[in-house]
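4 protein chains.
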Amino acid sequence: MKGQKRIRDYGIKIGELEPGRLNAITDIQGIRVGHQTMDHDSAKTGVTVVIPSSENIFKNKLMAACNITNGFGKSIGTVQIEELGTLETPIAMTNTMSTGIVTDALVQYMLESNPDIGLETGTVNPVVCECNDGNLNHIRKSNVKQKNLYDAIGNAEVEFFEGDVGAGKGMRCLGLKGGIGTSSRILQFEGKPYHVGALVLSNFGALRDLVIDGIPAGRIILNQTEVKDQPIKEQGSIITLIATDIPMTERQLKRVAKRASVGIIRTGGYIASGSGEIAFAFTTANPVPHEMKSDMIEIRMLHEDNLNLVFRAVADTVEESILNSMVCAKTTVGRDGNTAISLGEYMEAILKFR
Amino acid sequence: MKGQKRIRDYGIKIGELEPGRLNAITDIQGIRVGHQTMDHDSAKTGVTVVIPSSENIFKNKLMAACNITNGFGKSIGTVQIEELGTLETPIAMTNTMSTGIVTDALVQYMLESNPDIGLETGTVNPVVCECNDGNLNHIRKSNVKQKNLYDAIGNAEVEFFEGDVGAGKGMRCLGLKGGIGTSSRILQFEGKPYHVGALVLSNFGALRDLVIDGIPAGRIILNQTEVKDQPIKEQGSIITLIATDIPMTERQLKRVAKRASVGIIRTGGYIASGSGEIAFAFTTANPVPHEMKSDMIEIRMLHEDNLNLVFRAVADTVEESILNSMVCAKTTVGRDGNTAISLGEYMEAILKFR
Amino acid sequence: MKGQKRIRDYGIKIGELEPGRLNAITDIQGIRVGHQTMDHDSAKTGVTVVIPSSENIFKNKLMAACNITNGFGKSIGTVQIEELGTLETPIAMTNTMSTGIVTDALVQYMLESNPDIGLETGTVNPVVCECNDGNLNHIRKSNVKQKNLYDAIGNAEVEFFEGDVGAGKGMRCLGLKGGIGTSSRILQFEGKPYHVGALVLSNFGALRDLVIDGIPAGRIILNQTEVKDQPIKEQGSIITLIATDIPMTERQLKRVAKRASVGIIRTGGYIASGSGEIAFAFTTANPVPHEMKSDMIEIRMLHEDNLNLVFRAVADTVEESILNSMVCAKTTVGRDGNTAISLGEYMEAILKFR
Amino acid sequence: MKGQKRIRDYGIKIGELEPGRLNAITDIQGIRVGHQTMDHDSAKTGVTVVIPSSENIFKNKLMAACNITNGFGKSIGTVQIEELGTLETPIAMTNTMSTGIVTDALVQYMLESNPDIGLETGTVNPVVCECNDGNLNHIRKSNVKQKNLYDAIGNAEVEFFEGDVGAGKGMRCLGLKGGIGTSSRILQFEGKPYHVGALVLSNFGALRDLVIDGIPAGRIILNQTEVKDQPIKEQGSIITLIATDIPMTERQLKRVAKRASVGIIRTGGYIASGSGEIAFAFTTANPVPHEMKSDMIEIRMLHEDNLNLVFRAVADTVEESILNSMVCAKTTVGRDGNTAISLGEYMEAILKFR
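Protein chains in written order, with my numbering: chain Z, 1 to 354; chain C, 1 to 354; chain W, 1 to 354; chain H, 1 to 354.
Source of the hints: derived by calculation from the structure; they are not laboratory data. The beta-carbon is built from N, C-alpha and C at its ideal position, and this holds for glycine as well. Among the clues, some could well be false.
[Unchecked claim] Which residues of chain W face chain H? A partial, calculated answer using Cβ under 8 Å: (1) Y109; (2) V158; (3) P247; (4) D295; (5) I299; (6) M301; (7) E304; (8) L307; (9) R354.
[As the list claims (entries may be wrong)] Simulated restraints on C-beta separations: (10) R354(W) with D39(C): 42 to 48 Å; (11) R21(Z) with F353(H): 34 to 40 Å; (12) K330(Z) with D336(W): 50 to 56 Å; (13) K192(W) with E159(C): 33 to 39 Å; (14) E345(C) with D116(Z): 53 to 59 Å; (15) R300(W) with E159(C): 44 to 50 Å.
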């Protein structure tokens, strides 16, 4: 989007399903994405928010689930989603050390837009995710402030940048530059189009493992260039958000979230010990009212036999999102001269091997 | 039922809600319970089945969940219920060593009533639960045969015996005789009556811990009689089934199943290491068709704010079910002269302490 | 401690095991507890920290586990403990809206004491727990600041106050005043004394359910006084910390954490929908070095058959901790005149029923 | 082994680590594998057992964990392993409908070799896994008998056949013939060799997804031959066993089991809805005595920073095991003429694309 050259623009098509209009998580009606990027001196970090709905999400919660493939991470808000099956705030992403500040800001934001929270009604469950950008970003200097979360929310739009933006500014992925990436697919049920969209904050893996649609791109880069695989502990992580407008129950959404792993592993992940891998899935189809207007709520769920199509869409969109996060990111020099090269630099060499 | 003197007949009322017509799990429309009891020589065991629906349950599955508070147990079928959220067979209960045979019989029973299983369609997930009745029953002699499961199914009825019957024949509970017990409550939503019913196979705990509606019955018995608390490892377990006709999602049913612990702990349980505690919850309100007739299924769920009433009903019915399982059971002499005395023997002494 | 009248001082002894020297979580060598209490105008809140070790806990992590009985809560840090089985920071407790700020402060505190975090080594997993004190405390005004966490740490000591202090200042429990409480037990293994200690932040339940060592105290209070049970949604929660010096593996510690429920339910809890119930367990016996000095680590575990004794100690200390949290707390008038009466006011009336 | 042509014999090497002597799970000292194969008329099924130790495994349990990526399956014994962290019987594998009979036989086998079970001591937790071989095998006819489990145990040896043997006789994998496969790797810690071994029962996936070490083998076969991808629901499953002699705790073993997914997904799996994916991991390094000879047990665990090497070994051995299960299996014609072709038929065509 926004004129960036994405992996599909290199001729790489993941899977058999068609992408949505933008090939982005924002193809699901009502979703917007906003970045606040910090890029000065040794500060290479930021905040990215996903606004999941055009309505007051605290009053009209979205059915949601999360799946923790590897819990080596500090993401906040998973416990209550697991229990209550609803998302009631925007989802914020930032660096590992800034989850506290961003959580505080997100709570303030929710208080401002809901004067009843904490007085006439209960509290609110902020969802804040993180990856460790400490290789490029001087993460000990608490660069992120409450204001940055508000800025990211203010910047939210349907068409948004990918790569080294927002929370993705300082991330590394599979030995190269990582960050924010997205993708979507269209599915047909009952003769109508539905959507599955993914958005990742990619920060995992080793270069020698990088695979692009089956091409051993990492080994090609290592063989053809001077680049060396970093002997660092694979301390990275990946946050995956899956959104859909298909009606599902919380249990089905958990199954959906679990399939994020397929896309991650296809690109070269192996769920390394330090690679926190947390995925969220939510649907806009079964809103859950905060206030009880009637004892029961009418919802719909997809017949289980239809899930395989959804699972393929999840695997494909996550795989493509990771590749987009890498190919859209520019080469970045961070603290102490640490450098992460853009995948874009190597695409020509890689594509020769198709 | 069937003329047995239940805990309520002693003037003990658990909680504030009213029981259903039979004060039994069978107050939920369509449920039946059947026993096959073995009682000869050192064989003190049997099979109990809960038929959850009057329809073909494989074709019209019931939404279900299970919760494992303590997994020291050999119950079968929990894994798929957790994943798919549906119950597709009757639930059978027996002794620990007989789960294999009963599973085999239950699969055969399902094959006979569904000629498509394994040929035109997939397989079936039998649910078989167990407790260890090895103190009274000579569990090494494989007393239970495939036929016994069929007999238990054949015996299923709406009004059924509690206590030392079926799978409950050889169970001990809180130092006395345990077995099968049940109870139910009526709740009002949308101006209409709904039901919560429990059924337990009780086989846990130590006498000194027994509490009856707040009365320290175990300590009273130990003080007033010659009975000694058994220095056995508390190796028992308890299986709890919760049925309801309230519309819920699988996630909500899991929350319901988790509250079985409240009733168990109120009677004196402390989740001993050897006390496998597994609970299932299912609703008859949201049937899930095996075959896909349409892409989507319409279901309903209770608003979360209504759950506390349900949770109280679960706690109360499980507590009362355990007490019924004990007070309805007759004193039983098993293998090697091992004896479990009926709670009924002590009720007079206990009630003086009210 | 510190001259407060605790439940045992009223003649109530929970269980058969002997308490440790202080009958507190600090009976485990190396543990200290600190409070920072805010008590002005409508601010009735604060921070409590448990310092789990006298050493640098990031460098010498403690084996730990957590158990989430009810995930309706915003506690932070559980995900990584579940994955890695180690505790690497003090545990902080505060009100629901202040978890972000306290998390941020705890991260800063860890950065200051560990200059390598985020540069030469990875990140750190702060553990911050919460209950909603919004009935007494004006929780929308972000009363807690980063400084308060530092103050609570600075105040940490072996003998500490219970009741309406620190994070407990604004909590309600079982219709009365709740807060911080603690208790401990001594166990013998290998002929040597070991300890189990609990600390709770109590904020759950309804008055009519209150039970004190089997006495239906809640119903007594409602019958004997003008007090009315509050028709509020039972929105409270309870945080439980279990510490021990008994050698265990992470799996065993998870089993230990799960038994917190027993103590909670004995006092009248029923795991209400809004009652977030999260327990942590850690042992000081198997320290895990952050840096790898050798490929393997020697540890010890308790034989599983010994766990029942530990489980009884957990149930008893949690039960006693809750009662201590209530009886040590003074009657508190909070925002809008909301009032929580001390259990101490009713102890005389209750004890007549023994 | 036994003269079969394995994937490595085609020049395909998975990963960078060296295999053990046999490149099999039996490279871990004490492990043996036995098959009983049924191959007549429409019976294409059997039993495979993994004997995990040369000692009495009930008396000297092995530390173990399991991970359920997709619980659409009927495997038995996972619940207690999750709770107690020990394996106390051989692991048996068979078809979905025969788990009951094989469980019963395995319990009998354990009773015979342990006269105290059920009398002086507690019960035993059989582990029986399954996949649905109903496409080739007439699964409704209960072909497997108790005797077959005994035969499989009797046949156990260190060198064993792979492919269409034992429980693998009727399995399909990635559109071709599946079955039993194995592989191992050697790792160095403390200057000494340790082993990681895998064994799979493969029965999942669609032909078009098959990938062999990065080669899109499925698409090659579909393009080059008359073979058609079956429009069947991907109803298959995969059971993975990981064995090691590296000292680990139960938590670490769970992390190990979770990495089975990496190997599965690399070969073309996407965790289809019907693909039950259950993995077990156990170590021979920390035996746990059934009887308590002392209060504490000394064990060792790997430093967490060493786990990445183990995780790579798991991913690689599972990937290679799946490929071995396919390439060692002969083309099999089953019930109603249903046919699964051996991967071996296509290896020449596939290898041209390297």
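For each hint, the structure was consulted:
A hinted interface residue such as Y109(W) counts as satisfied when its beta carbon comes closer than 8 Å to some beta carbon of chain H; here the least separation is about 24 Å, so the hint is violated. Using the Cβ-Cβ criterion of 8 Å, the hint placing V158(W) at the interface with chain H is not satisfied: the shortest such distance is roughly 27 Å. Checking P247(W) against chain H by beta carbon gives a least distance of about 6 Å; that is within 8 Å, so the hint holds. Because the beta carbon of D295(W) sits about 4 Å from the nearest beta carbon in chain H, less than 8 Å, this interface hint is met.
Residue-level restraint check for I299(W) holds (minimum Cβ-Cβ distance to chain H is 6 Å; threshold 8 Å). At about 5 Å, the closest approach between the beta carbon of M301(W) and any beta carbon in chain H falls short of 8 Å, and the interface hint on this residue holds. A hinted interface residue such as E304(W) counts as satisfied when its beta carbon comes closer than 8 Å to some beta carbon of chain H; here the least separation is about 7 Å, so the hint holds. Hint status for L307(W) relative to chain H: violated, with the closest Cβ pair at about 10 Å, above 8 Å.
Checking R354(W) against chain H by beta carbon gives a least distance of about 37 Å; that is not within 8 Å, so the hint is violated. For the hinted restraint 42 to 48 Å between R354(W) and D39(C), the CB-CB distance of approximately 43 Å keeps it satisfied. In this structure the supplied range 34 to 40 Å holds for R21(Z) paired with F353(H), their Cβ-Cβ distance being about 35 Å. The given range of 50 to 56 Å is respected by K330(Z) and D336(W), whose C-beta atoms sit roughly 54 Å from each other.
Between K192(W) and E159(C) the CB atoms are about 57 Å apart, so this pair departs from the stated range of 33 to 39 Å. Taking 53 to 59 Å as the suggested C-beta distance range, the pair E345(C) and D116(Z) conforms, at roughly 57 Å. About 55 Å separates the C-beta atoms of R300(W) and E159(C), a value inconsistent with the hinted range of 44 to 50 Å.
The earlier numbered hints that this structure contradicts are 1, 2, 8, 9, 13, 15.
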